[in-house]
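At position 147 of the sequence shown the residue is numbered 147 (the UniProt record's numbering), and the sequence of numbers has no breaks.
Worth double-checking, as some hints may not be accurate.
[Claimed, not checked] List of simulated lysine to aspartate or glutamate pairs, EDC-like, C-alpha gap at most 16 angstroms:
1) K137 <-> E188
2) K76 <-> E136
3) K186 <-> E127
4) K186 <-> E207
5) K186 <-> E166
6) K28 <-> E18
7) K76 <-> E188
8) K137 <-> E166
9) K28 <-> E5
Worth flagging that the hints you see were computed from the coordinates, not collected in a lab.
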Amino acid sequence: MDSGEMGFDALLARILTELPELSSELRKAARFLVDHPDEVALVSMRVLASRSEVTPTTFVRLARRLGFGDWAALRKPFEDRLRSGKALFAARADALVKRRSEAIFAESLRTTVANLAAAEAVNGSEEIARACAILEKAQRIRVAGFRSCRAPAHALVYLCRMFRREITLLGGDGGAIEAELAALGKREAVVAIGFSPYSRELGPVVEAAQRHSVPIVAIVDSMAAPIARHAQVVLRFSTDSPSFFPSVAAAMAIVEALAATMLARSGPAAAARVRETELELQAFGAYLPE
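Construct the entire structure; sequences and hints are all you get.
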């Protein structure tokens, strides 16, 4: 991909790939870009340099190292991200109804395929293994996902309960989530799922996890997400969609793949528990007769 046509997610992936090979000064500048994308779009290079404790020319050198002609070209994906992120769902809906409806269905499916490919590209085997190790070590897993991210959060809990019981959906019983967070223990783990704009309920979840020294596995749309900054492992998904609302298809695919990987690592005993759970569901009449 030509650097001049690169979107924000692709640029972020390139920065993270290049990071280990950068000099200490360029690495410091690159990390600031990842952690403060809004500031990159809004303030001058001189202010960014002051904030990140590097020289302004460091950002120029970083732009060239990443394949851009100058700083302005590197900054453009950050500006585009901010503009698209500020678009209200209603405004996107207004734009959508002005399009030819015949093309939207196929475009939505193509975009979902691209999101899935991006998820595979940015989430390496090392991150998956670390996430599984944290969740396997935990005596109990708490899963947090709100609003549209409730679906992947619920899916992760449902799938994992087929082979391990000690996984719960935060706020799932309709009670006060504060009471659940107060009961967090050090031998637990939290899975937090979200995308921009991030649900405010995620804030107390992350704060409680930090307070109780509970590790966090974040499934998010960006390394710069508020919950990603405090996570031990970050798995990323793209929310691109021609629709009026961000897509959670890739997030759903990630939780399904994570559950499958956890089962595979757990061995025959976990497979036996799946068999037992399935027989119990059949005995309770959970499925329609075929």
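- Item | Earlier hints that do not hold, by number | 2, 3, 7, 9
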